[in-house]
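Participant: Single-letter residue listing:
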Amino acid sequence: MTPLVSLRGASLKFGKRVLWEGLDLEINPGEFFAVLGPNGSGKTSFLKVLLGLQELHSGHVELGGRPVERGSRQIGYIPQQKSFAPDTPLRARDLVGLGIDGHRWGLRLSGKSVNRRIDELLDLVGASDYAKVPLGQLSGGEQQRLRVAQALASEPQVLLCDEPLLSLDLHHQLAVSALINQQCHERNSAVVFVTHEINPVIDYVDRVLYLAGGQFRVGTPEEVMTTEVLSELYDSHVEVIRANGRIVVVGLPDATTHFHDDAHTGSAEGH
Amino acid sequence: MDFGTILQTIFNFENYGELLQLVQNSIWAGAVLGLLGGMVGTFVMKRDLAFAVHGISELSFAGAAFALLIGADIVLGSLVGSVAAALLLGVMGVRARDKNSIIGVIMPFGLGLGILFLALYEGRAANKFGLLTGQIVSVDTVQLQALAGTAVVVMILLGLIWRPLSFASVDPDMAEARGVPVRGLAIGFMVLLGVSVALSIQIVGALLVLALLITPAAAALRVSTSPRVVLALSVAFAMTATVGGILLALGSRIPISPYVTTLSFLIYVVCRIIGEVRTRGGHNGRITRPAVSGSPAKVSAGA
Numbered sequence: 001m002t003p004l005v006s007l008r009g010a011s012l013k014f015g016k017r018v019l020w021e022g023l024d025l026e027i028n029p030g031e032f033f034a035v036l037g038p039n040g041s042g043k044t045s046f047l048k049v050l051l052g053l054q055e056l057h058s059g060h061v062e063l064g065g066r067p068v069e070r071g072s073r074q075i076g077y078i079p080q081q082k083s084f085a086p087d088t089p090l091r092a093r094d095l096v097g098l099g100i101d102g103h104r105w106g107l108r109l110s111g112k113s114v115n116r117r118i119d120e121l122l123d124l125v126g127a128s129d130y131a132k133v134p135l136g137q138l139s140g141g142e143q144q145r146l147r148v149a150q151a152l153a154s155e156p157q158v159l160l161c162d163e164p165l166l167s168l169d170l171h172h173q174l175a176v177s178a179l180i181n182q183q184c185h186e187r188n189s190a191v192v193f194v195t196h197e198i199n200p201v202i203d204y205v206d207r208v209l210y211l212a213g214g215q216f217r218v219g220t221p222e223e224v225m226t227t228e229v230l231s232e233l234y235d236s237h238v239e240v241i242r243a244n245g246r247i248v249v250v251g252l253p254d255a256t257t258h259f260h261d262d263a264h265t266g267s268a269e270g271h
Numbered sequence: 001m002d003f004g005t006i007l008q009t010i011f012n013f014e015n016y017g018e019l020l021q022l023v024q025n026s027i028w029a030g031a032v033l034g035l036l037g038g039m040v041g042t043f044v045m046k047r048d049l050a051f052a053v054h055g056i057s058e059l060s061f062a063g064a065a066f067a068l069l070i071g072a073d074i075v076l077g078s079l080v081g082s083v084a085a086a087l088l089l090g091v092m093g094v095r096a097r098d099k100n101s102i103i104g105v106i107m108p109f110g111l112g113l114g115i116l117f118l119a120l121y122e123g124r125a126a127n128k129f130g131l132l133t134g135q136i137v138s139v140d141t142v143q144l145q146a147l148a149g150t151a152v153v154v155m156i157l158l159g160l161i162w163r164p165l166s167f168a169s170v171d172p173d174m175a176e177a178r179g180v181p182v183r184g185l186a187i188g189f190m191v192l193l194g195v196s197v198a199l200s201i202q203i204v205g206a207l208l209v210l211a212l213l214i215t216p217a218a219a220a221l222r223v224s225t226s227p228r229v230v231l232a233l234s235v236a237f238a239m240t241a242t243v244g245g246i247l248l249a250l251g252s253r254i255p256i257s258p259y260v261t262t263l264s265f266l267i268y269v270v271c272r273i274i275g276e277v278r279t280r281g282g283h284n285g286r287i288t289r290p291a292v293s294g295s296p297a298k299v300s301a302g303a
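Sequences listed follow chains A and B, in order.
Reminder that position 123 of the first sequence reads as 123 in UniProt numbering, one-by-one numbering, no gaps.
Reminder that position 52 of the second sequence reads as 52 in UniProt numbering, one-by-one numbering, no gaps.
Chain B on its own, in the form it takes in the complex (with noise of 0.2 Å):
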């Protein structure tokens, strides 16, 4: 295969049009799940969760190959999986470290289950495939509409816990003094990134999902402190990523992930510039004034 015929097969925009209206269900779901994942990867990034969502998607890979394995519904499979390890961590993991070891022991642990489940599972290789890398396209109307449905449930709770979680997230001592229930919101939280894990795996397959959950939020994160922009900005990559994602892959029969992640991965790229200048640029937002005799700089303390 030539150079030539491999972009042919990445990029192929014939009968665009037609295509288009066939798969208006899954830009739907694919905007729908972005959504969700910008909103929900703020939250991992405050509470550095990254590693977590890792290991929740090899759980959910587990669920979802058993579900593959024994005929059952596969996106309950892939949600059983994950809220089971969501809620693991949740409850076991309350020291960072501990939770990192702990994701360490089951990520492996759920990855191995996976792979003999799919190993025992005799029907169509596509199938086993779709589970890691994305499936969106095949899957049908009927089950596009659940996953839309589910995903805005999540975003209506998190709705509702949002200030709270947002300050348990990145001042939990001051949060507890307050009175704030921060365990509480601690186990919640990792109910609701199970369940989101296990909607985007739909779309990018468990080896992928961090560029859904992650990679938009951590590439707001490079241009911008104010959390309403961060979360702007990161709903705006993460549907820009799955929805461009979905139109790219119209034409061919390759699966979205790869042009979801790698749109995901260029905007983090040119995000990560833009704040590389910034920084040198040193603006940071201070308004300087001409130093009055006696009131002593702005001398670091101890930071």
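If we strip away everything but chain A, and leave its shape as in the complex, we get (with noise of 0.2 Å):
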């Protein structure tokens, strides 16, 4: 099987500081990968690199068997979730469109074709009942499923999650998690997704990426999620505790990975 997304001893630092280095990685369609971490350890650097925002400062880094690039439609990019403002001139199928057709130059010509595919996704990820609703009155979990809609207009084979479920409540992070798992096993594309939660995507998770301090792990949450991995990487104590199939970390030497703290807070910093 050709890996669709591939690094090779990649490495990433900012000035003296190193995110990771020596990163080799090779991940597969159809599975669905987690990169989890506390804040600041390169989980969103990560996925810049996939998009081709971000150079590596060593290392190889292939997307479907070619080199990264900027915009390729190959990739599928859901950002955290950010409200848009009150009077934002575009309604909920507006913004589906701008992933099909929004990178193109010139006017759109071809209304009814565009029409029609707005209407597929939107069916998709079950919006289509508030397709003409201005944006900036749906709620955040409404406004995620668009997300995951205007992210799968070009049928991508990587899909990269950036904190998609960030703010939201509990029976919207099931379901856009859901839809986002779909599409994984439907499809057979490659999820990478970014969270500092493991817990709502738990069940669908094959594999994850542990970035902290500098290092990394790879492998099946049963291999990273232990209270030995993640106290070696964070380099101080740290308790991993099983119940009813969730993981929960105690002892987290910063305050930086304050999960309930940040579902509040982290709509108003999004970026």
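Rather than coming from a laboratory, the hints here were simulated on the basis of the structure.
Since the model is a prediction, treat every value here as computed from it, not as a measurement.
Note that the Cβ used here is the ideal one computed from N, Cα and C, for glycine as well.
Incorrect hints may appear among the rest.
Said to hold, decoys possible - Dumping the calculated EDC-like pairs for lysine to aspartate or glutamate here, alpha-carbon to alpha-carbon at most 20 Å: (1) A/K48 - B/D173; (2) A/K132 - B/E276; (3) A/K112 - A/D123; (4) B/K46 - A/D101; (5) A/K82 - B/D173; (6) A/K82 - B/D48.
Said to hold, decoys possible - Sample of chain A residues with no beta-carbon within 10 Å of chain B, all distances over it, derived: (7) K16; (8) P29; (9) S110; (10) D123; (11) A178.
As the list claims (entries may be wrong) - Just a few of them, taken from the derived set where beta-carbon distance is under 7 Å, the chain A residues facing chain B: (12) R70; (13) G71; (14) L98.
Take the two lone chains and join them into the complex the hints point to.
Facilitator: Structure below.
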């Protein structure tokens, strides 16, 4: 099986600060790949590398067997939920339309086929009922469904998700993550899912990349999410507790991983 | 001057037919500039550049005043001033807060320069006044054609970058991830905006440019969020204001700008009222279905 994403000897540094170094990684079609770690550990930078928005310090990164390039149609990108201003001059369907042909020059001349495609995508994510509602009047969860539709517009082979569940309530977290997982299995796409909270997607995750303190581990959640591995990554004692199929990490050394606070502050500082 | 005389000065339709013949060119130019203002205005609103338009127009005024002083072409002077200001804002003001403070700094500077140049100028006082309040009727045919021609070029260029510019304006992070040259488009649009401001100044003057580049689009946004409808309404409003303003001003000796700005303002007020009434009504296009048990109601999620 040819991997969709492949990194070889990849490292990323900002000045003297090493985010990660010597990363060898292959992500395969149909794989749900989670990227975990505290704030500032380079999770979002990892996505930016795949998006072609961030150069590696050294090493190689390929996407579908070719070097990454900005704006690749093989990639679908779901950003952090960031609420649109109430007076944003777009309706739900227009946001999805941007995902279809927003990058092209000129005016949209072939309105019919685009409209048909928008309807299909809205239907796919269950957003048809509010297709014509102004974007600013939709809830965070509804906006995030539209983001999924927008990302799927180009039928991407790789879906990159940057904390897509942040600031959503539990119901919408489940709905959005199920939608993303569905893509993974039905269309055999690879999903790269950046999150600091594994539990909402724990049932879907095949493998985990855990970034912390300039180091990393790759493996299944069972291999990586253990007291020993995380203690070593954080260089201090961290306790991993499993209960009801959920994973709780206790005693993280810095205050950057306060899961529950983030749910409230996340939308305000989205970037 | 009693009220009746004032009214007669404002609305005077004597010899209207003959006058209409004389200003045909102005009406055409007004229509083209209305079209341009309506189009550009939608992007000004999307990109939150209302304040920038004001800043650019003050520097455009300084450029025009300088041209007047040295006897050069006024339209050219105003173009140079506004494009320079627009480029400066495009290059320096990447972050919104930064942009506003830069505008706040250059705006009074531009206005001050303009006043200096006008004070040094020893020609007709009407010329000075025209820069600030509009003068299209006194512009000759050749200049009008140049104005309209430039406006058409700006509209064509705007059409070429329409989709990626819309994407970059309303959803910049996503546009960047999609490979849209967000920064290049921002600077490119500023240049087009600068030219549009310089052209609009010829109709309504430096102080009132906002009536042409912002009010119509802002009014359209009160009544619709559909991009096509907003564009169509914005253009219709702007053209109504310019052409209507020229027609109303025809018989009087008052500059056309108060007519244009008043029409523009009235359209906005009406749209605002329609928008408020609709919001109260609560219709926003959502299809509501009876709640099925187990399917959660539409709850607001941290928005």
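Participant: Check each numbered hint against the structure and report the violated ones by number, ascending.
Facilitator: Violated: none.
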